[in-house]
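Undergrad: Given next are the chains, with one letter for each unit.
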Amino acid sequence: MRFCAASDQATLVYLGEEIGLPAHERVLRLLRLLQKDPPDWLRNLQPAYTSLMVTFDPGKIDQGNVEVVLRQFEQRAKTTRRPKPHTVEIPVCYGEEFGPDLEDVANLHALQPREVVTLHTSRSYHAYFLGFAPGFAYLGQLPKEIAMPRLEIPRKNVPPGSVGIAGRQTAVYPYATPGGWRLIGRTPVSMFRADRQPMAAISIGDKVNFRAISREDFVKLEST
Amino acid sequence: MTSLVVESPGLLTTVQDLGRPGFGPLGVSPSGAADPVALRLGNLLVGNAPDDAGLEMTLLGGTFVFPEGAVVALTGADFGAMIGGHPVEMWTSQTISPGAKLVLGPTRNFARSYLAVAGGIQVAPFLGSASTHLLSGLGGHDGRALRKGDVLKLGEPAKEISCQRISQSVLLTLKPRRVLRVTDGPQIHCFSEEAKQVFFRNTFQVSEASDRTGLRMEGPSLGAKGPGEMITEGVPVGAIQVTPSGQPIILFVDQQTTGGYPKIANVIGVDLHRLGQLRPRTEVRFERTSLAVARSLWIEQERLLNSPRQLFA
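Here the protein sequences come in this chain order: V and H. 143 is the number that the numbering used here gives to position 143 of the first sequence; each next residue is one higher, with no gaps. 2 is the number that the numbering used here gives to position 2 of the second sequence; each next residue is one higher, with no gaps.
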């Protein structure tokens, strides 16, 4: 456990030094405990792969004492049980205009596009955290065989629902945003809706499976 | 129900309150007024709660009609407001008669002007806040910037609103700065001595490409000393990320909540509201300070903002 001031009002707690389930399990446990039993100085929590950023009210506590309290929470978090992860299935129509980079991914790895799809749908991904934009879940780890560097020039406007890959991560863009991930498909499922509970289709800690669907199914699902 | 009618929206006018901190686990940024101090003071002038919603205007103000009249206050940047051809004094509560038109123009000094209205602007809250988040189209008035013809509902004003004015000495204390005070960023050790010198000894210009998600700095490059791969982590408002090309970007209120670029520094709490007043092409410098100094400045500022006796002239 390592601490670093992120700002005069936020502390970063590092709970591991490499991306993987062991570090993330600690992040999740600490997050859940702080959510369940929030100290009065707590303003916000931002989990990530190996860290949790804790924003505090500097009128109530200082950086040093935040550390002291978080160490106590981390001790308690070791013995708490956390709820079983939900499994979320995301239907995706791969390729063509929905996945303009599918061919490039295939070419770079000397694969057929359908092999890329098979690899992408072959495993269950872990939702490490939501960041970047509301409902944008960072999912890992992508099979090495289809890992891709980001685009050199990010797109100005990625259509919502686009499924992207970058490094050994994959994600669905909830909104039309700029983005540098390689797009291989699109889902008709809306990733974030303020009028739904939970608002985000994927929550931190969930298991996520992608399922290939046809264009007809895409259109059908989109209209529901 | 009383209302406010948008006759012309200005360049970029949104409904904002003090934001929605606390939803990091959903990937939702805190948002809220870019200059929360100006909005808070405006709310106090019209008898509102500090976190009621008002209008945030950017560089060029709009024209607003109050069919039933209202008590309002303009704070932040001076957009040359007029009613019936007469200039409207800023930082003061003003009574607008029914049907009168408040006309604002281009900025005369800083980036954002705030219109607080007694009773507050009423919109359906998203995650407890009225703030507009443009990227996701959530919050505010239909999740978007105001347009001509929009009609906004106003809440019930406080029973008694005494005409008040913010004191000159308070305005002087809170005024915008071009020297932004920063504490060390979590990856400052990834930067070479030269890069740090470039950052702390030079002036940078606020780029035209800046908005509520971030302020891009133009100036000397901090060098492409590859800070290398960094594991994506949470980023606070005011974090100064350095892109691979060596340009600093200050993450702002509608920021992405996580980031993978190394952060050299972080703007301190009391200077965050000042970021909201930086216009494109303003020259800024960064001055290093300590966490302890930043915290005591914050406590002092909050004490001032919570003490009506000191605030009002």
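Simulated from the structure, these hints should not be mistaken for laboratory data. Owing to the predicted nature of the structure, the values given are computational and were not obtained by experimental measurement. Among these hints, one or two may not hold up.
Claimed, not checked - Lysine to any residue pairs mimicking SDA-like chemistry, simulated, CA-CA at most 25 Å apart: (1) V/156 with H/153; (2) V/207 with H/22; (3) V/144 with H/261; (4) H/159 with H/1; (5) V/156 with H/143; (6) V/60 with H/173; (7) H/153 with H/69; (8) V/156 with H/144; (9) H/159 with H/69; (10) V/144 with H/173; (11) V/36 with H/125; (12) V/156 with H/221; (13) H/148 with H/123; (14) V/156 with H/12; (15) V/60 with H/306; (16) H/148 with H/198; (17) V/156 with H/125; (18) V/36 with V/144; (19) V/220 with V/88; (20) V/78 with H/148; (21) V/156 with H/205; (22) V/220 with V/121; (23) V/78 with V/22; (24) V/156 with H/247; (25) V/60 with H/184; (26) H/175 with H/209.
Undergrad: None of the hints should be skipped; say for each whether it holds.
TA: Going through the hints against the structure:
1. At roughly 35 Å between alpha-carbon atoms, residue 156 of chain V and residue 153 of chain H are farther apart than 25 Å, so this suggested pair is violated.
2. Taking the CA atoms of residue 207 of chain V and residue 22 of chain H, the gap is near 24 Å; set against the 25 Å cutoff, the hint holds.
3. In summary, the hint linking residue 144 of chain V to residue 261 of chain H is supported, as the alpha carbons are separated by about 23 Å, within the 25 Å threshold.
4. Between the alpha carbons of residue 159 of chain H and residue 1 of chain H the distance comes to roughly 16 Å, so the proposed pair stays at or under 25 Å and holds.
5. The straight-line distance between the Cα atoms of residue 156 of chain V and residue 143 of chain H is roughly 20 Å, inside the 25 Å bound, and the hint therefore holds.
6. With a C-alpha separation of about 23 Å, the suggested pair residue 60 of chain V and residue 173 of chain H falls inside the 25 Å cut-off, and the hint holds.
7. A hinted pair counts as satisfied when its Cα atoms are at most 25 Å apart, and residue 153 of chain H with residue 69 of chain H qualifies at roughly 13 Å.
8. Straight-line distance between C-alpha atoms of residue 156 of chain V and residue 144 of chain H comes to about 19 Å, which keeps the hinted pair within the 25 Å bound.
9. For the hint linking residue 159 of chain H to residue 69 of chain H, the alpha-carbon distance of about 15 Å falls within 25 Å, and the restraint holds.
10. Restraint check for residue 144 of chain V and residue 173 of chain H: the C-alpha separation of about 56 Å exceeds 25 Å, so the hint is violated.
11. With a CA separation close to 24 Å, the supplied pair residue 36 of chain V and residue 125 of chain H stays within the 25 Å bound.
12. With a CA separation close to 23 Å, the supplied pair residue 156 of chain V and residue 221 of chain H stays within the 25 Å bound.
13. Between residue 148 of chain H and residue 123 of chain H the CA atoms are separated by roughly 17 Å; this keeps the pair inside 25 Å, and the hint holds.
14. Our distance criterion of 25 Å between C-alpha atoms is met by residue 156 of chain V and residue 12 of chain H, whose separation comes to about 20 Å.
15. Taking the CA atoms of residue 60 of chain V and residue 306 of chain H, the gap is near 15 Å; set against the 25 Å cutoff, the hint holds.
16. With a C-alpha separation of about 45 Å, the suggested pair residue 148 of chain H and residue 198 of chain H falls outside the 25 Å cut-off, and the hint is violated.
17. This hinted pair does not check out: residue 156 of chain V and residue 125 of chain H have alpha carbons roughly 29 Å apart, beyond 25 Å.
18. Straight-line distance between C-alpha atoms of residue 36 of chain V and residue 144 of chain V comes to about 37 Å, which puts the hinted pair past the 25 Å bound.
19. Under the criterion of a C-alpha separation no larger than 25 Å, the hint pairing residue 220 of chain V with residue 88 of chain V is consistent with the structure, at around 19 Å.
20. Pair hint residue 78 of chain V plus residue 148 of chain H does not hold up; C-alpha atoms about 56 Å apart against a cutoff of 25 Å.
21. Under the criterion of a C-alpha separation no larger than 25 Å, the hint pairing residue 156 of chain V with residue 205 of chain H is consistent with the structure, at around 23 Å.
22. Taking the CA atoms of residue 220 of chain V and residue 121 of chain V, the gap is near 21 Å; set against the 25 Å cutoff, the hint holds.
23. Taking the CA atoms of residue 78 of chain V and residue 22 of chain V, the gap is about 12 Å. The hint holds against a cut of 25 Å.
24. With a C-alpha separation of about 19 Å, the suggested pairing of residue 156 of chain V with residue 247 of chain H holds against the 25 Å cut-off.
25. Taking the CA atoms of residue 60 of chain V and residue 184 of chain H, the gap is near 22 Å; set against the 25 Å cutoff, the hint holds.
26. With a CA separation close to 24 Å, the supplied pair residue 175 of chain H and residue 209 of chain H stays within the 25 Å bound.
The structure fails hints 1, 10, 16, 17, 18 and 20 (numbered hints given earlier, in ascending order).
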